[in-house]
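Trainee: Sequence:
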Amino acid sequence: MGSFYPNFLPYFSGMTALSVEAFSQLAEQGLPIIDIRDTELLKQGFIKGSISLSDPAIFGAHIGAFSGFSISSGLSPVLLVGDVAQNFEPFLQQLSDGANTRVKGYLEGGFEAWEKAGEAVDLIIDVEVDELIMDIPFDENLVIMDTRPAVNFGNGHLKDAVSLPLAQINDPLRIAAIEENDNVYIIGENDQEAFLAATILKKQDIHNLRVVLGGWNAVQSEKKARIIKEPGMLN
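In this note's numbering, the protein residues as written are -4 to 230.
Hints were generated in silico from the structure; no laboratory data involved.
Please note: incorrect hints may appear among the correct ones.
In silico DSSO-like cross-links for lysine-lysine, where the CA-CA straight-line distance does not exceed 27 Å [to be verified]: (1) Lys111 <-> Lys38; (2) Lys99 <-> Lys111; (3) Lys43 <-> Lys154.
Note that the coordinates shown come from a computational prediction; the quantities given were computed from them, not determined experimentally.
Make a model of the complete structure from these sequences and hints.
Mentor: Here it is in structure tokens:
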């Protein structure tokens, strides 16, 4: 067990601390990297190709779908990355009994060690809702991607927004519709889900995107936002 987590050793029972080199080698073999750091830290940089699941509930709901890791069978172990004081326990508790044995290991020293070693990192641009509203009339390539469930989208969304629920965000046909010159703005239910969507898209080499901070609540609070409903949807 590494020395980077002296106050959190009980949370790593059954997990292996991996050096940057060992972690990188496993990632190159195709093991998914799950970043469980808070989105405020993710904004400063993350491991290229990793998926953000920063909230334990979202982690439990989506790890199977977005990591290639089957909770029921234990196939395709994953790699976890946190910060140097990360509490892994709330995330491991979201998995079924013994699921921590399916986590291949965690990055010793956290993202800071990875960055210090000069390994590949990525960034996500974020914007406030008012910035999006100001850009809409002047950017003919602007695409508003709403990743909330379809029923939520139908009950209210920004005019001209496109619905791409998280459950469908790995659909090759939907992803193929995103053109190279599109400027994609992602609206999620909240920041955690929006950053999850952004990291999934970046993993599929879609990089011209921005996360709209504050999620749907922030959009609804913006007085200049043009919100419409789909015909036939109930309040």
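Trainee: Starting from the hint list further up, note which numbers the structure goes against and sort them upward.
Mentor: 3
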